[in-house]
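Asker: Sequence:
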Amino acid sequence: MFLDRAPLTPQQQKALQRLRNEINEEKLYQEGDTLDSDDRTLLRFLRARNFDVKTAKKMLVDCLKWRRTVEDIGIDELYRRIDPFDLGRPLNVHFIGGINLPELYKDVTPERHWQTIIVNAESLVREVLPACSAEAGRHINQALVVADLSGFSLQQFWRMKWLVRQSFQISQDYFPEAMGQLVVINSPSSFTAIWSAIKPWISAETAAKVTVLGADYISVLRDLVPPENLPAALGGACTCADAGGCSFSGAGPWMVGRKERRDGWLAGKLASPAVQWGEGQSEGTDVGGEDEVVGATVDGQALAANVESLSAPIAA
597 MFLDRAPLTP QQQKALQRLR NEINEEKLYQ EGDTLDSDDR TLLRFLRARN FDVKTAKKML
657 VDCLKWRRTV EDIGIDELYR RIDPFDLGRP LNVHFIGGIN LPELYKDVTP ERHWQTIIVN
717 AESLVREVLP ACSAEAGRHI NQALVVADLS GFSLQQFWRM KWLVRQSFQI SQDYFPEAMG
777 QLVVINSPSS FTAIWSAIKP WISAETAAKV TVLGADYISV LRDLVPPENL PAALGGACTC
837 ADAGGCSFSG AGPWMVGRKE RRDGWLAGKL ASPAVQWGEG QSEGTDVGGE DEVVGATVDG
897 QALAANVESL SAPIAA
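One rule links them: number in my numbering = place in the sequence shown (from 1) + 596.
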């Protein structure tokens, strides 16, 4: 199932061209920058700022600076050191209620956990969405995110408040418009207080993408995701039986041939570990508009894979 965005208006086309011209004239990209400068990427920043070129350009400049310096080594070196799919758990479904930070930090340092969050966010735009686009044969720039709050308490939230806030912050500032919709399910009675704390951290545009549901969520998810692609734990029919279960599955087109691509990238033989597709295609002139990944299939497995805990931020 795909949700199309309308084609760009003439005014939006002009804003895109103006932003591109200013980027080139001011030489905003430096040698070694790996953030794409194609229409799809620039449109993410423009949409995040309602097609205001000045503020979109500032957002892009800030993002480029952050990517060069994050964790004192830059996003590319961080991406080399930490493989986001080493455990085969790309972003989409977060079973947040099962998170126990004190137990987690017995096995991994908070610093390493935070680095993993950053790398997982990068993997969504660097590898997952391009592979989905190649599979579908059209632009897919956003993901559907499901956050399961079963067993989540107010105490847990306060314990991980900093982590949640920082995750939203980098998502909004450096990975804009990567999330098409966030569906919160099994929300506890305490969620009103939790949402009141979270809402000031996020933009109105991001808040508008959030749907909050209690235990009666299955019909809504089935409207968004075909049952064969929805994990059985969420009311669907997908079990990823051949991949260790949905919570550990990395099923999706981004995993096909990935080891060879990553090895080639690490060896300097490839410019990127991502699936290459659509060179020369301009989203701005694509009459099909833009698509949102919500659950196509590849070889009978879910295109949208799952994660069993908060290992990646909810991209805004």
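There may be inaccurate statements among the hints.
Below 27 Å or equal to it, Euclidean Cα-Cα: the simulated BS3-like pairs (lysine-lysine) are [stated by the list, open to error]:
#	residue 1	residue 2
1	LYS653	LYS702
2	LYS661	LYS757
3	LYS661	LYS610
4	LYS661	LYS623
5	LYS661	LYS865
6	LYS795	LYS654
7	LYS661	LYS650
8	LYS757	LYS702
9	LYS610	LYS623
10	LYS610	LYS650
11	LYS650	LYS795
12	LYS650	LYS805
13	LYS865	LYS855
Source of the hints: derived by calculation from the structure; they are not laboratory data.
Asker: Evaluate each hint against the coordinates.
Answerer: Hints, verified against the model:
no. : hint            : verdict
1   : LYS653 / LYS702 : violated, 42 Å
2   : LYS661 / LYS757 : holds, 26 Å
3   : LYS661 / LYS610 : holds, 26 Å
4   : LYS661 / LYS623 : holds, 13 Å
5   : LYS661 / LYS865 : holds, 26 Å
6   : LYS795 / LYS654 : holds, 23 Å
7   : LYS661 / LYS650 : holds, 17 Å
8   : LYS757 / LYS702 : holds, 19 Å
9   : LYS610 / LYS623 : holds, 20 Å
10  : LYS610 / LYS650 : holds, 13 Å
11  : LYS650 / LYS795 : holds, 26 Å
12  : LYS650 / LYS805 : holds, 24 Å
13  : LYS865 / LYS855 : holds, 13 Å
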